[in-house]
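Q: Sequence:
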Amino acid sequence: MFSRTNNCGELNKTHIGSNVLLCGWVNSLRTHGKIIFIDIRDRYGKTQVILDKDDLIDKGNSLSNEDVISISGKVSARTKEFINKEIATGEIEVIADKLEILSVSEPLPVPIHDREASTEEQRLKYRYLELRNKTLQDNLLKRHHAAQVVRNFLSKKDFIEIETPVLMKSTPEGARDYLVPSRVHHGKFYALPQSPQMYKQLFMISGLDKYFQIVKCFRDEDLRSDRQPEFTQIDLEMSFVDEPDIRNLVENLITTVFKEVNGVKIKKPFPVITYNESIQRYGTDKPDLRYDMELNDFKEFSNKSDFKSFKDLDYVSMISVKDEGVFSRKIIDELDNHAKSLGAKGLAWMKCKNNALDGGIARFFDSNLQSDIISHYKLKDNSICFMIGDNSNLALKVLGSVRTKIAEMLNLCDNTIFKPVWIVDFPLFEWDKEEKRFESVNHPFTAPKDSDIEKLSSNPEDVTSKGYDIVINGYEVAGGSIRIHDNEMQKQIFEIMNMKEKEINEKFGFFIDALKFGTPPHGGIAFGFDRLVMLLCGVNNIRDIIAFPKTTSASALMEEAPNTISETQLNDLNISIKKNEKDI
RNA sequence: GGGGUAGUAGUUCAGCUGGUUAGAACGCCGGCCUGUCAAGCCGGAGGUCGCGGGUUCAAGUCCCGUCUAUCCCGCCA
1 MFSRTNNCGE
11 LNKTHIGSNV
21 LLCGWVNSLR
31 THGKIIFIDI
41 RDRYGKTQVI
51 LDKDDLIDKG
61 NSLSNEDVIS
71 ISGKVSARTK
81 EFINKEIATG
91 EIEVIADKLE
101 ILSVSEPLPV
111 PIHDREASTE
121 EQRLKYRYLE
131 LRNKTLQDNL
141 LKRHHAAQVV
151 RNFLSKKDFI
161 EIETPVLMKS
171 TPEGARDYLV
181 PSRVHHGKFY
191 ALPQSPQMYK
201 QLFMISGLDK
211 YFQIVKCFRD
221 EDLRSDRQPE
231 FTQIDLEMSF
241 VDEPDIRNLV
251 ENLITTVFKE
261 VNGVKIKKPF
271 PVITYNESIQ
281 RYGTDKPDLR
291 YDMELNDFKE
301 FSNKSDFKSF
311 KDLDYVSMIS
321 VKDEGVFSRK
331 IIDELDNHAK
341 SLGAKGLAWM
351 KCKNNALDGG
361 IARFFDSNLQ
371 SDIISHYKLK
381 DNSICFMIGD
391 NSNLALKVLG
401 SVRTKIAEML
411 NLCDNTIFKP
421 VWIVDFPLFE
431 WDKEEKRFES
441 VNHPFTAPKD
451 SDIEKLSSNP
461 EDVTSKGYDI
471 VINGYEVAGG
481 SIRIHDNEMQ
491 KQIFEIMNMK
501 EKEINEKFGF
511 FIDALKFGTP
521 PHGGIAFGFD
531 RLVMLLCGVN
541 NIRDIIAFPK
551 TTSASALMEE
561 APNTISETQL
571 NDLNISIKKN
581 EKDI
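Those letters in the first sequence? Residues 1 to 584, by the numbering used here.
If you're looking for bench data, these hints aren't it; they were derived computationally from the structure. These numbers come from a predicted model, not from an experiment. Built from N, CA and C at the ideal position, the CB exists for glycine as well. Careful, some of the hints might be misleading.
Stated by the list, open to error - Simulated DEER-style distance windows between Cβ atoms:
{"#": "1", "residue 1": "R290", "residue 2": "E324", "range": "14 to 22 Å"}
{"#": "2", "residue 1": "S28", "residue 2": "G187", "range": "56 to 64 Å"}
{"#": "3", "residue 1": "N563", "residue 2": "E334", "range": "37 to 45 Å"}
{"#": "4", "residue 1": "D486", "residue 2": "R176", "range": "25 to 33 Å"}
{"#": "5", "residue 1": "T274", "residue 2": "G174", "range": "44 to 52 Å"}
{"#": "6", "residue 1": "S458", "residue 2": "T135", "range": "32 to 40 Å"}
{"#": "7", "residue 1": "N563", "residue 2": "P269", "range": "20 to 28 Å"}
Said to hold, decoys possible - When the alpha-carbon atoms are kept at most 30 Å apart in a straight line, the in silico DSSO-like pairs for lysine-lysine are as follows:
{"#": "8", "residue 1": "K188", "residue 2": "K516"}
{"#": "9", "residue 1": "K188", "residue 2": "K210"}
{"#": "10", "residue 1": "K353", "residue 2": "K378"}
{"#": "11", "residue 1": "K188", "residue 2": "K449"}
{"#": "12", "residue 1": "K142", "residue 2": "K156"}
{"#": "13", "residue 1": "K216", "residue 2": "K286"}
{"#": "14", "residue 1": "K157", "residue 2": "K188"}
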């Protein structure tokens with residue numbers, strides 16, 4: 001029987017002369033007749049092994065990539081000309097005196113060292129092979145490290161990690177629930193948590209004071225590159241706090257994680273901007289602050305121009321960018337198409353040259369107006385302006401998206417820089433046109449600002465909430481709020497959302513009851529842990545930091561989930577499947 | 001639900017305005033080779049062009065439908 005003495009990444013000059021036994025995969029094989037080189041690989045690194053004895057060469061010639069082997073031999077120094085500076089073990093090699101083949105590998109369906117070299121469909125099907133890739137392993141290692149730092153940090157601050165149920169009651173507000181049928185209670189269903197929101201508030205009522213959990217959450221909605229149907233939150237809640245207490249704690253948590261995991265220092269305190277300000281300046285509530293290019297109100301000038309398409313519009317939004325020959329007609333067309341695909345009528349533009357405006361819609365602005373524009377926005381020579389006119393919502397939103405697109409084109413997104421910002425003063429409600437009722441912008445447990453409580457009954461649309469988000473580099477990384485701790489107010493909020501007493505009692509009665517028995521003022525926040533790890537790893541796809549992710553249609557290509565179940569299983573649950581017309 | 005992109009050898013791709021036997025690289029199999037490190041050289045095998053229909057003398061190529069992956073919009077309290 002074998003027993004490994006070292007891993008494949010740790011041998012160096014200090015081990016020269018010692019006898020070792022290494023285990024791992026054949027990373028590459030170079031046969032030269034009377035000598036064979038094997039790079040043996042494990043999670044820790046690669047080591048070059050030499051086979052130069054006749055019996056070993058016969059065996060070595062039968063090897064192929066990804067076979068699992070063990071090698072025993074002597075660590076030997078490489079002569080100067082053969083040192084490989086690329087790898088940690090490059091100063092030594094192991095001269096084998098025994099080779100054991102532990103497992104033979106068939107040719108791989110995906111190459112493991114070059115992830116780009118196969119389609120994602122293929123890689124997800126053989127995810128366990130893709131996970132042999134160094135980068136992916138490093139990402140998972142970083143994820144582990146980040147979780148560990150979070151647990152340590154919060155534990156030291158008296159937070160207790162408490163598990164909450166995964167099978168819970170469905171309360172259809174917000175996202176669609178993943179549902180689990182009950183065998184015992186025919187026709188009834190559990191829901192998987194979208195977040196442990198109510199449980200953690202109940203912990204505060206219980207007097208547990210400070211709670212956290214690194215926990216899986218589930219939302220049955222359509223996916224994006226930063227959204228998975230099941231994802232992980234760092235969920236936390238604390239009693240007897242107001243907004244500044246939470247912000248202070250969270251800033252310390254975030255800076256600690258970035259420092260411990262990535263060695264990056266982030267300045268405190270984080271900048272704070274209001275929701276309205278963020279929309280005005282960046283056209284989004286998750287602005288990327290790694291670059292400037294703020295949006296401007298251009299209405300004043302477009303009104304004075306002869307450009308008819310901008311007349312009679314609510315709003316004209318403008319950004320200006322330095323143009324160092326990047327914005328060719330082709331690129332401008334590309335941006336124009338992007339704007340149109342988001343619902344804008346088009347993207348107007350003009351360039352600033354020799355203290356005048358030129359190209360695009362410049363001819364609709366007379367020379368006086370042009371100089372006014374140039375001096376008002378301090379436009380520099382060789383810059384380009386982009387404008388969108390529409391209702392203010394759309395104009396800002398679309399130009400905000402153009403802003404990020406331009407930043408990508410100009411390579412302004414440095415993944416080693418982290419720019420966090422608090423977004424605060426969200427409206428408490430927004431009007432749902434289709435349902436014709438108010439809906440919570442955050443969730444219905446978010447408290448209104450103390451100064452706005454009177455407006456709750458008169459004009460709910462003007463009420464500002466005690467909610468806050470943290471955005472880093474354009475990703476919404478965390479969101480939370482100070483909660484309502486008064487049962488009457490909680491009931492009032494549900495009523496504003498057009499819920500009847502009966503419905504409130506059915507869905508949330510237990511929770512409103514709980515609020516009656518001495519509820520401390522409390523608040524908290526939940527981090528999208530996956531997104532945080534994405535930032536730490538410098539990747540822009542959530543699948544790169546999850547071991548076994550789902551596709552954009554929420555299926556698992558490896559094990560083929562979801563799947564059909566047997567008649568027996570259906571009968572146990574008293575469920576029958578409706579046949580579509582197509583299937584008949 | 002809507003829009004964009006992709007689907008051809010084990011893998012990644014090429015294949016023009018429809019026209020001989022659908023090509024390349026890597027991998028695989030066989031052989032040679034004592035200093036390579038993505039080793040090299042010689043030879044070989046390997047294809048239901050995602051699937052279904054249509055147009056045509058002729059379809060990988062054109063048309064319609066459909067499936068899968070991916071990006072975006074809607075959606076994500």
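Q: So, for every hint listed, does it hold in this structure?
A: Now for the hints, and whether the structure bears them out:
1. Between R290 and E324 the Cβ separation comes to about 19 Å, which falls inside the hinted range of 14 to 22 Å.
2. Remark: the range hint 56 to 64 Å for S28 to G187 is upheld by a beta-carbon distance near 59 Å.
3. Distance hint check: the CB atoms of N563 and E334 are about 42 Å apart, consistent with the given range 37 to 45 Å.
4. Under the hint 25 to 33 Å, the C-beta atoms of D486 and R176, about 30 Å apart, fit the expected range.
5. Between T274 and G174 the beta carbon distance is about 23 Å. The supplied range of 44 to 52 Å is therefore violated.
6. Roughly 56 Å separates the CB atoms of S458 and T135, a value that falls outside the hinted 32 to 40 Å.
7. Range check, N563 to P269: about 50 Å between beta-carbon atoms, so the 20 to 28 Å window is missed.
8. Pair hint K188 plus K516 holds up; C-alpha atoms about 29 Å apart against a cutoff of 30 Å.
9. Of the supplied pair hints, the one linking K188 and K210 is violated, its CA atoms being roughly 34 Å apart against a limit of 30 Å.
10. The straight-line distance between the Cα atoms of K353 and K378 is roughly 13 Å, inside the 30 Å bound, and the hint therefore holds.
11. For the given pair, K188 sits about 39 Å from K449 by alpha-carbon distance, which is inconsistent with the 30 Å threshold.
12. Pair hint K142 plus K156 holds up; C-alpha atoms about 21 Å apart against a cutoff of 30 Å.
13. A distance of roughly 23 Å separates the Cα atoms of K216 and K286; the hinted pair therefore holds under the 30 Å criterion.
14. Restraint check: the Cα-Cα separation between K157 and K188 comes to about 41 Å, which exceeds 30 Å; the hinted pair is violated.
When held up to the earlier numbered hints, the structure conflicts with 5, 6, 7, 9, 11 and 14 and fits the remainder.
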